[in-house]
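A.B. asks: In the numbering used here, the protein residues as written are -4 to 160.
Heads up, a few of these hints could be off.
With a straight-line Cα cutoff of 30 Å, these simulated DSS-like cross-link-like pairs (lysine-lysine) come out [what the hints assert, rightly or not]:
no. : residue 1 : residue 2
1   : Lys76     : Lys46
2   : Lys46     : Lys89
3   : Lys(-3)   : Lys46
4   : Lys45     : Lys127
5   : Lys76     : Lys45
6   : Lys127    : Lys84
7   : Lys46     : Lys127
8   : Lys56     : Lys(-3)
9   : Lys45     : Lys56
10  : Lys127    : Lys89
11  : Lys84     : Lys(-3)
12  : Lys89     : Lys76
13  : Lys46     : Lys56
14  : Lys127    : Lys76
15  : Lys45     : Lys(-3)
16  : Lys(-3)   : Lys76
Estimated spans, in silico, between C-beta atoms of each pair [said to hold, decoys possible]:
no. : residue 1 : residue 2 : range
17  : Ala120    : Lys(-3)   : 18 to 24 Å
18  : Lys(-3)   : Asp49     : 23 to 29 Å
19  : Leu151    : Asp66     : 25 to 31 Å
Bear in mind the hints are in silico, worked out from the structure with no lab data behind them. Glycine included, every Cβ here is placed at the ideal spot set by N, Cα and C.
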Amino acid sequence: MKYLLDSNAFIEAKNRYYRMTVCPAYWQWILRMFESNAVASISMVGSELKKGDDELAEWAKEHGAIFLPVDDVDTQQSFQKVAGFVARKGQEMKPGAVGDFLGGADPWLIAKAMALDAVVVTHEAYASDVRKRFLIPNVCEEFGVSWMNTFDLLELLEARFVLPS
-4 MKYLLDSNAF IEAKNRYYRM TVCPAYWQWI LRMFESNAVA SISMVGSELK KGDDELAEWA
56 KEHGAIFLPV DDVDTQQSFQ KVAGFVARKG QEMKPGAVGD FLGGADPWLI AKAMALDAVV
116 VTHEAYASDV RKRFLIPNVC EEFGVSWMNT FDLLELLEAR FVLPS
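Just need the whole structure built from these sequences, with the hints factored in.
C.D. replies: This is the structure we're talking about:
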């Protein structure tokens, strides 16, 4: 099973509970899981992270291979499906929601998950009545794409950040 990380899985970790200087094991774990073909992200998430001027931007630049391309046929076809759904659903959303969603990495992350039969890892939560913006879990549900948060992923893949004795 492959798990694809959303931008917020990196950003929230860096800003809050797995700061790079406090818990370097988290970042090493991501790389190990990538090397074992379990965890990755997409190029657009990488681009978002690299725009920063901090240690996360440097980490993303140094480990660019973790960010998979989205130019393959399967991902492109899946993106068309996601974009079509978002365009149709856009009438129910606040003005600008369609462009905001389609202009970012989120629809591509979902499309790549569809193409790879992967699980999306995000801190967003499903909300059936949301009308302000498109949420990753809501769009995932529409296409039968599984999703979870970072903490569930860590538990599922049995991550352990233990100090040596």
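A.B. asks: It remains to establish, for every hint, whether it holds in the given structure.
C.D. replies: Evaluated hints:
1. Restraint check: the Cα-Cα separation between Lys76 and Lys46 comes to about 28 Å, which is no more than 30 Å; the hinted pair holds.
2. Restraint check: the Cα-Cα separation between Lys46 and Lys89 comes to about 28 Å, which is no more than 30 Å; the hinted pair holds.
3. Of the supplied pair hints, the one linking Lys(-3) and Lys46 holds, its CA atoms being roughly 26 Å apart against a limit of 30 Å.
4. Taking the CA atoms of Lys45 and Lys127, the gap is near 27 Å; set against the 30 Å cutoff, the hint holds.
5. Between the alpha carbons of Lys76 and Lys45 the distance comes to roughly 28 Å, so the proposed pair stays at or under 30 Å and holds.
6. This hinted pair checks out: Lys127 and Lys84 have alpha carbons roughly 12 Å apart, not beyond 30 Å.
7. Between Lys46 and Lys127 the alpha-carbon distance is near 26 Å, which keeps this suggested pair within the 30 Å criterion.
8. For the given pair, Lys56 sits about 22 Å from Lys(-3) by alpha-carbon distance, which is consistent with the 30 Å threshold.
9. Restraint check for Lys45 and Lys56: the C-alpha separation of about 6 Å stays at or below 30 Å, so the hint holds.
10. For a cut-off of 30 Å, the pair hint linking Lys127 to Lys89 stands: about 5 Å separates their Cα positions.
11. Restraint check for Lys84 and Lys(-3): the C-alpha separation of about 28 Å stays at or below 30 Å, so the hint holds.
12. Taken as a hint, the Lys89 and Lys76 pair is honoured in the structure, with Cα atoms around 21 Å apart against an allowance of 30 Å.
13. At roughly 10 Å between alpha-carbon atoms, Lys46 and Lys56 fall within 30 Å of each other, so this suggested pair holds.
14. A threshold of 30 Å between alpha carbons decides the hint, and for Lys127 with Lys76 the separation of about 21 Å falls inside it, so the pair holds.
15. Only pairs whose Cα atoms come within 30 Å are accepted, and Lys45 paired with Lys(-3) is accepted, the gap being roughly 23 Å.
16. The suggested pairing of Lys(-3) with Lys76 holds, with an alpha-carbon distance near 21 Å, which does not exceed 30 Å.
17. As the Cβ distance of Ala120 to Lys(-3) is approximately 22 Å, the hint placing it in 18 to 24 Å holds.
18. For Lys(-3) and Asp49, the hinted distance range of 23 to 29 Å is satisfied, since their beta carbons lie about 27 Å from each other.
19. The hint said 25 to 31 Å for the Cβ distance between Leu151 and Asp66, and at roughly 29 Å that hint holds.
Of the hints listed earlier, there is not a single one the structure fails to meet.
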